[in-house]
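Engineer: Listed below, chain by chain, are the residues.
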Amino acid sequence: MAREMKSTVAPSRNPFRLGGVDLPMPLILVAKLLAACLLARLLWRDLPDPFLPMVPFLDSFRNAPYFGWALRGAALIGAVAVLLNYRLRAACLLIGSAFLLGTLSSRIYFENNRMFLGCVFFLLGLYERRTGPWLVRIQVMLVFFSAGLNKLLNVSWRSGHFFDYWSHFAINKQMYFQLASLLPQMFLPRFMSWMTITMEFSIAFGLLFRRTRPWAIWTGLLLALGMNVLTERTFGVFFYAMPICYLAFIEWPRSTITVLYDGDCGFCARTRRWMERFDLENLFAWQPFQQARDLYGISKEALRQRLYVVAEGKKYSGFRAFKMMALYNPLTYFFMLAALMLPQSAYLHHRSWVAVFFVLFFSPLFVPVGETAYAWIASNRHRILSGETCTVETPIHSENRGLHVGRPTWQPPLDPGISKHH
Amino acid sequence: MRITAGVCLLLLQIVSVVHARFVSSRWLAWAPNDYAIEYKLQVQIDGRDLSTDEIGKRYQLVPDGVYENPAENLIDIVRQRERTYGRNDRAEALLVYRPNGGAPQEWRWPEK
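Respectively, the protein sequence lines represent chains A and B.
With the working numbering as the guide, the letters of the first sequence map in order to residues 1 to 422.
With the working numbering as the guide, the letters of the second sequence map in order to residues 423 to 534.
Hints in this document: simulated from the structure, not taken from any laboratory.
Where a beta carbon is used, it is the ideal one built from N, C-alpha and C, also for glycine.
You can trust all of the hints, since none of them are fake.
Computed Cβ-Cβ distance ranges for the label pairs, DEER-style:
#: 1; chain 1: B; residue 1: R530; chain 2: A; residue 2: R211; range: 52 to 62 Å
#: 2; chain 1: B; residue 1: V488; chain 2: A; residue 2: I77; range: 27 to 37 Å
#: 3; chain 1: A; residue 1: A90; chain 2: B; residue 2: L432; range: 18 to 28 Å
#: 4; chain 1: B; residue 1: Q466; chain 2: A; residue 2: P214; range: 50 to 60 Å
#: 5; chain 1: B; residue 1: D471; chain 2: A; residue 2: F169; range: 23 to 33 Å
#: 6; chain 1: B; residue 1: R424; chain 2: A; residue 2: I77; range: 18 to 28 Å
#: 7; chain 1: A; residue 1: F334; chain 2: B; residue 2: V440; range: 37 to 47 Å
#: 8; chain 1: B; residue 1: L432; chain 2: A; residue 2: P214; range: 16 to 26 Å
#: 9; chain 1: A; residue 1: R211; chain 2: B; residue 2: V488; range: 38 to 48 Å
Chain A stretches covered by chain B per the calculated footprint, using a threshold of three residues with CB under 8 Å from any CB of chain B:
#: 10; region: 128-136
#: 11; region: 157-166
In isolation and in its complexed conformation, chain B is listed as follows:
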């Protein structure tokens, strides 16, 4: 029983590592500090820009900084927030990020 549970935990991680090969995000996939994403997050609700504190409360993220996971992890956070707790807020988010020092890229919510 104990061995089975241990093997299952290890197998789940292997599945997660293999799955990560087919997607851009890296949740539970052992890619520690493999990314350096410089980002800036701006959010508007009803045409008003949210302050740093408001963004911090809404996503538990600082609005700009360096994130050491893929940008898709950041996108997942904002997307999940807006699809669940904040789905009635009609928030508009703009995430500008530079993955590993490359060219700046943008992601917007709502997605088109």
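Bound conformation, chain A alone:
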């Protein structure tokens, strides 16, 4: 069964819930995260009154104070409605229209990131099952293709002169200039220019094909991260909005994700209860492997050692399993966005560091560290949280004494809903 939210289910008014609206999971998440961004950054407040519009007709509203207020009101109401799951598509159309109209009604207001926000919301509002997420996907690819093309055809970009000049007032990392001074003149600016162009084209074309999509998304994240680390700027809302839109390229599991764990372990049971609290969409079906009907070809010995996640026929274990659970849980993205949007103090510019941490944590580079931590916790799980009963033996002892397979001393509740209230 496709994990598309059925309109027959009453939509929840919980801003963190995605159910009950007629958009597929990743697109609801895109809409909600962008709406949260819009509210947190007070973007609705900046929507303009008509002034030097791109479309002359809009000049007729120049002295009409209600025009600007209508735009601001529409964006604000739309964003609140999106968060509350109220007529989500209509709300997206409202926000998109407000931003696109705002862009057309003032040349001063025009910024690419605002126009991007308007286009994405508008296209989300036009979602149809037949097109799926492709309207939003094409929008993202179009931005990268056009940006790459514009740079490629600009002699200042090709020669590196733009980057060299721009770096002096945009880049605030001394390390960049120290590195540039060690290299032949113009080498680093030229390298950075061509790297940016290459990355933008790679993203545009990479996002087109399923096989290259993960690479393209990683390239996009690294581009956003690199620019933020170098400049500490968010380029309007591009820094938030573009990575959010990559979610439209994610294939969300179409069926419930199975989590196989050792039911004979108190620590695992507590982990299950803790994780289920954050599973607002009931995406994960936790099953003690001793009682599971299907072990998906995983041996009992392996399941005794590590937790497994089975999503769309793919199996992940240990740290990777927890990582996948985090990545498939919408709350993770709300949490990351909140952490990135926290106000920065004058002394501690945390945003870049937080972004580096998130990218690193979810990257393959962190897997060895994560697996080491997982292995340590797994081998000491009977000592952690001593309040829980844990009768599982360590592997060495188990081999000698036999295992408790099929005779768990702790019986998990059959109804996962019950365990949530413990």
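Since the structure of chain A is provided, determine the placement of chain B on it from the hints.
Structural biologist: Relative to the frame of chain A, chain B by itself:
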């Protein structure tokens, strides 16, 4: 209907991107932060220099700074202001700008 509207929005952007290849300005053409234009705008009305605040009110621009769109976008703003709301003011504007760190260039209103 919805698909048509979505495709139209995307096509309009493609038209805008293609159009941008034949003009110097970059409105609605996805060239985010691709330019660094250091500029200074001076305006006179009836022989009197406008102050920073007056320029800010007139164009909603700061009189000097770095603009991250092409200089032609700035020129479009001043030109449109003087051709529409300010056509009776007989303002004289001088925009001095350095595109991407290159040689300084000038643009004047009224255009000759």
